[in-house]
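Please arrange chain B with the ligand on chain A, whose structure you already have, making use of the hints.
The primary structure of each chain is shown beneath.
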Amino acid sequence: MMKRAEMEAHLKSGGRLGFFCDDAFCEAWLAEDGVHLAILPKDGEEMEFVGDLDKLYEMQIDLELSLFPTADRRQ
Amino acid sequence: MIFRALGAVARLLWAEDDERAIRIERRGENDINDEEYIEDLGDGCFSIDFAAYDASVNDKIYDLTTNQAPKCSQCKKRLPAPEFSWHGRLYCRRCLLTYDVLKSEMDPNLKCYRWPIAIVYLEDGVRFPILWNFRRDTLEEWRYARRHGLDVEFYDPIGSKIIIEADMITRFKVPNECYVEVWTTSIDDFVKKKTGR
Ligand SMILES: [Zn+2]
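Top line first, the protein sequences correspond to chains A and B. For the first sequence, numbering that gives the first Met the number 0 assigns the number 0 to the initial residue and increments by one for each residue that follows. For the second sequence, numbering that gives the first Met the number 0 assigns the number 0 to the initial residue and increments by one for each residue that follows.
Just chain A, with the same shape it has in the complex (with noise of 0.2 Å):
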């Protein structure tokens, strides 16, 4: 389980945070307006949402998600 005071310094410095939520793959990354979540099912559209820090912190403790650095699959 990742701190919340880790998660914010990891997203600050520009890191992304990956994990796997039942059979997705998730990635999270700081944005000007918020907290990104990229969910990609393993069958299905990828989805983005925006959010919050607490709202991905509750996410990882809800569904006791282990969260861990990731290179940015985007670049």
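Because the hints were derived from the structure by calculation, they are not lab data. As the structure is a computational prediction, the values presented were derived from the model and not from experiment. Just so you know, nobody snuck in bad clues.
List time: in silico SDA-like cross-link candidates among lysine to any residue, alpha-carbon distance up to 25 Å:
1. K70(B) with C20(A)
2. K75(B) with G43(A)
3. K102(B) with M0(A)
From the derived model, a few chain B residues whose C-beta atoms are all more than 10 Å from chain A:
4. P79
5. W114
6. P115
7. I118
8. L138
9. R146
10. H147
11. D166
12. T169
13. T183
C-beta: ideal position from N, C-alpha, C; glycine also.
Same frame as chain A, now just chain B with the ligand:
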């Protein structure tokens, strides 16, 4: 459930205007660590989905004999069993990663409120948790019902109605720092549910 001891002084209040004074107990520091409360409340986690609650409560009466599996907050089905709990709402595997659910649960407008829980004691020794002052003043409601020989309505921590003879109640206990967490639905979701759009 959030338990927090804030150090309030233990005190006992008596309902003054009632001929058979009912005891309202309020306690402070470490009240929730008392074995008595742990026994009363268990260590389970309660939450309320207000949207689902609003839709269902009108004809719902508390029934201890019903022992059904929980429903998914989104599709309202009991099967497949909801495996995920997110902001106190249960979701099945099919609904969790859908656009509507994700958009709603990731919405920064989603806020957590905490609602106090009290314990009702009956004369036969049965006790159960209720939402304190939920929708109406619990004590006023009880006093009115008792004076007029009526049943009184309470709501349990998941928002189901409990109907009981007012006369059977001997005591309310109101731990100071015992709450259920209630998450709002997002504004969009709320509007959609209310307007059907
Ligand atoms: Zn479902």
